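There are 2 protein chains.
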Amino acid sequence: MISKAQAKYVQSLHQKKYRQRHGAFLVEGGKSVLELLSSGVETETVFCTPEFADQNRAKLAPGPAPVLVSEAELAQVSTLATNTTALAVARRPPEAPLPPALPLGALVLALDEVRDPGNLGTLIRLADWYGLPGLVLSDTCADPWAPKTVAATMGSFARVRIWPRPLAEWLGALPAGTAIYGADLHGTNVHRVALAPAGVLVMGSESHGLTPAVAACLTQRLHIPRGPGGGAESLNVAISAAILLDNFFRGQ
Amino acid sequence: MISKAQAKYVQSLHQKKYRQRHGAFLVEGGKSVLELLSSGVETETVFCTPEFADQNRAKLAPGPAPVLVSEAELAQVSTLATNTTALAVARRPPEAPLPPALPLGALVLALDEVRDPGNLGTLIRLADWYGLPGLVLSDTCADPWAPKTVAATMGSFARVRIWPRPLAEWLGALPAGTAIYGADLHGTNVHRVALAPAGVLVMGSESHGLTPAVAACLTQRLHIPRGPGGGAESLNVAISAAILLDNFFRGQ
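Read top to bottom, the protein sequences are chains F and R. Numbering-wise, the first sequence is residues 1 to 252 according to UniProt numbering. Numbering-wise, the second sequence is residues 1 to 252 according to UniProt numbering.
To be clear, the hints were calculated from the coordinates, so they are not data collected in a lab. Some hints could be false.
Pairs count within a copy or across copies, as identical chains cannot be separated in the list.
[Said to hold, decoys possible] Keeping only pairs whose Cα atoms sit at most 25 Å apart, straight-line, the calculated DMTMM-like set for lysine to aspartate or glutamate is:
no., residue 1, residue 2
1, Lys31, Glu206
2, Lys17, Glu44
3, Lys59, Glu233
4, Lys31, Asp116
5, Lys148, Asp116
6, Lys31, Glu233
7, Lys17, Asp139
8, Lys59, Glu206
9, Lys148, Glu206
Here the structure is a predicted model, which is why all the values come from computation and not from measurement.
Hey, can you work out the whole structure from these sequences and the hints?
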């Protein structure tokens, strides 16, 4: 059973302010909770149904002894309309160091005003797929520890490093010669240029593009060609990032 | 002002059963409503605030005279938590013919059990970007006319053709020699093969992959290489489709 104090604490973590205050975040749904327990991220508490505990005894073993709850209790404290298995409170990992000259020979993804948590989560998953060292986030991005972001990462939240930074300043302070790529309708056709995954790839908000101070830092603008007869004006930010990353990794 | 009967009708269209019965669907938010009015899709009714009507007089002119409503009235009938501008009821377009041998020399996207309306909408937008003739949907896909799908298409719902079909049967009846591509972890590296956009690209559900009967129809399996050191097990279905489509259109 979940105590009144526990329920209040879990519900407080729906809000960014309390996630920051407590240095904790929620991991919702059975699959994500098992990913959490197999990762190096510290787990405070696991709440799950007796059925889930029975079925996942070995996988739950590395974590704290689970608090057994009913589906109704889970639904009451979860942000999900249906969460019939498990929920965990995890400790926010300490920030890993980000060398001023970037991890050598690696590509870092930087996001400028990506405000949608679903898009941010999908981008974190994508960074994990390509083995990028991590993501630099402008302070106008969605919270990487919001429940919707964590859910959209499909477990990658535990593997990808996140560095919140004032983006234009951070880009401006990188060593001269660092390649800083960004998407731009008037940029070079990404199919006509050989790209190596080193430097920074900056992605902006879908509706407003890059903020001017960030756009001014780019050293190369890339353009994803639209198909012949294509009608859409633009692509979703995570979709664009995926296509660009695939082009960066073609030669690997 | 919105009448009681109008409110009841609009709210009924939140549900698939009534969208089918009435041959109608909802378009929510100002931007999407304006896309609707500039498309060839028939519009039954536009509900909008007086401010929105004032600001978009010319763009609203091709549609029926708008019913002016308050933000509170909009919120009451909308599926969106915040819709402060406009909502329209549109007529479902009649199905365009799909030749048994496919549109010659074009690539059709076929979706097998893509149940998430957000993913489906993003895939429709992607098909529009690449100028594909349309999408064939298995009957286990999300409803292409659901409000969440329509919103995720970002206006592409009005330009892309949709053909619901029993997928395995439809694929099985295509002329011999039609290329049928699908994503598969054990397929050919998509960077190591020259692809032309002709035939069918089949995408399955993220969690379960292609259903066996559909998988049996593939003539070529393609694999998106993961980055060195990458940790994620898989990619989102719309992300995978985007990367594959970019590879199909490299030579164009």
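ask   = Of the hints stated earlier, which fail here?
value = Nothing - there is no hint that the structure violates, so all of them hold.
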